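Participant: Build the full structure now, drawing on both the sequences and the hints.
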Amino acid sequence: MKRLATALTAILVLAFLVSPAFAGKIEDIKKRGTLIAGVKDSQPPFGYVDEKTNQIVGFEIDIMKFLADKLGVKLDVKAVTSSTRIPMLTQGEVDIVAATMTHKKDREGQIDFSITYFMTGQRLLVKKGGPIKSVKDLASKKIGSVKGSTSEQNAKKAEPTATIVSFETYPEAFLALKQGKVEAVTTDEAILVGLKFSDEKPEAWDIVGDYISPEPYGFGLVENDSKLRDFVNVSLMEMWESGEYKKVYDKWFGKDTKNYIPLTWTMELWP
Amino acid sequence: MHWDVVWNNFDYFLWGAYPKGPLGGLAMSILMALGGIFGAFWLGLLIGVCRLSKRVWLRAPAMVYIEIIRGTPLLMVIFWFYFLAPVIMGKSLPDWQSAIIALIVFTSAYIAEIVRAGVLSLPKGQMEAARGSGLSHAQTMIHIILPQALFNMIPSFVNQFVSLTKDTSLAYIIGVSELTKTATQVNSRTMKAPFEIFITVAALYFVVCFVLTELSRRLETKINRYQARGR
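So the sequences go chain by chain: A and B.
Position one of the first sequence corresponds to residue 2 (our numbering), numbered consecutively onward.
Position one of the second sequence corresponds to residue 787 (our numbering), numbered consecutively onward.
If you're looking for bench data, these hints aren't it; they were derived computationally from the structure.
Be careful, since some hints might not be right.
Claimed, not checked - Within a straight-line C-alpha distance of at most 27 Å, the following computed BS3-like cross-link-like pairs (lysine-lysine) qualify: (1) B:LYS978 x A:LYS252; (2) B:LYS877 x A:LYS66; (3) A:LYS248 x A:LYS53; (4) A:LYS137 x A:LYS179; (5) A:LYS247 x A:LYS53; (6) B:LYS978 x A:LYS142; (7) B:LYS978 x A:LYS179; (8) A:LYS79 x B:LYS910; (9) A:LYS26 x B:LYS877; (10) B:LYS806 x A:LYS32.
Fair warning: this is a prediction, and the values are worked out from it, not measured in the lab.
Facilitator: In structure tokens:
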């Protein structure tokens, strides 16, 4: 019995000591033949389940496809949420996170980021013609946001007397706004536009206020894998320069879509 | 009302993107529930019997296991196991398998307590008579005590299994595309029919749980009749 106990302890200790041997992610991905990307599945138009095919599609998925094609591998998407995306990346469940994630200094301690692939800023979605015109009008009122997001923390900073009600996804927060449970929903403008136009009567809602904070989105990558990071960054620049980025952008945010946001920023391009 | 949203996505609620993609929706929920019930029953039985043992090295670990698991929210167990599994096994498990194991771990603690209560509720004379007639402790457990006790436990088991079936909805936290997750996905895309979508989901859960309780009721009558004949 003692021997069994010793063996069991040894196995447990070993299990905790043995961490996956570190090789470059790019080699791993090529060997596996698939790029595993953590994406949103409830965030039109960045990542959501398509009505006809029941597959996850969206702006971020198209960029991931571009990366996978360049590597010559297949793309495999895994649904993540704002609270699971960083642990899933650090645990190696996904190779890259493309899930509307703001590049923040705070997060640099845990993961690395690509260059900015989408630029937006945090604003407020409110009922049209209502009393709320800026974040100051929300003093001691309720604001809806999402758990683990930057918007949650920024809103608290911008208006300390407001109560932040956190939901699992943005559509849930919007639903709370419709039902009058919160006075405003705050997050990146790009997401707010998506929410607004997903409603039957988009004209009933307004996006107001100055940018509470700029929100540059970056792809999340594991720490200290510069080969993968270089590959992603260079690919993004190539995509921008070849016009492929604009094509993908227009597919999801162009004039003919219901999520129209003019392309007003320029990607950081290294000479 | 927008019941057309529910109607158009009903296949997605039932089996997800299958066969063109991974299985999901209600089919995934049922799969997880069945896997969970099967695993939790046997593991719970084992732990319950260990908990009753006179040997400290069997009883103490079982007790610690039961107490720790019962004092932890299921959501935590699911989340925690998902990130612990790759550390223990050296490779990551598919999210649904990880969820099933978490459900088994969680529910088996409750099953173990049901087993313990069921065995203790039998008159002491059963054990004494069997031991007196020369059976070993293990033989007595397997042939005399458990068959009687397990029958008495059926209602408690069913209770636990029904709650396990509903608990599969918590697997959405780690991204398993089960019924609740598919509903959330469709709801986020359409935005106009949250009431219709979630009432449909509730109805689907109800149907599955009702079928489960109904089946167990039939099983009980059947065993009752069988036992009456034996007497």
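Participant: Decide, hint by hint, whether the structure agrees.
Facilitator: Hint check:
1. B:LYS978 x A:LYS252: 24 Å, holds
2. B:LYS877 x A:LYS66: Judged against 27 Å, a Cα distance of about 25 Å means the pair holds.
3. A:LYS248 x A:LYS53: At roughly 22 Å apart (the allowed maximum being 27 Å), LYS53 (chain A) and LYS248 (chain A) satisfy the hint.
4. A:LYS137 x A:LYS179: Holds - the C-alpha atoms of LYS179 (chain A) and LYS137 (chain A) are around 21 Å apart, at most 27 Å.
5. A:LYS247 x A:LYS53: 25 Å, holds
6. B:LYS978 x A:LYS142: Roughly 25 Å separates the two Cα atoms, so the pair holds.
7. B:LYS978 x A:LYS179: 11 Å, holds
8. A:LYS79 x B:LYS910: Violated. LYS79 (chain A) to LYS910 (chain B) sits at ~55 Å, over the 27 Å cutoff.
9. A:LYS26 x B:LYS877: 15 Å, holds
10. B:LYS806 x A:LYS32: 25 Å, holds
Of the hints listed earlier, the one the structure fails to meet is number 8.
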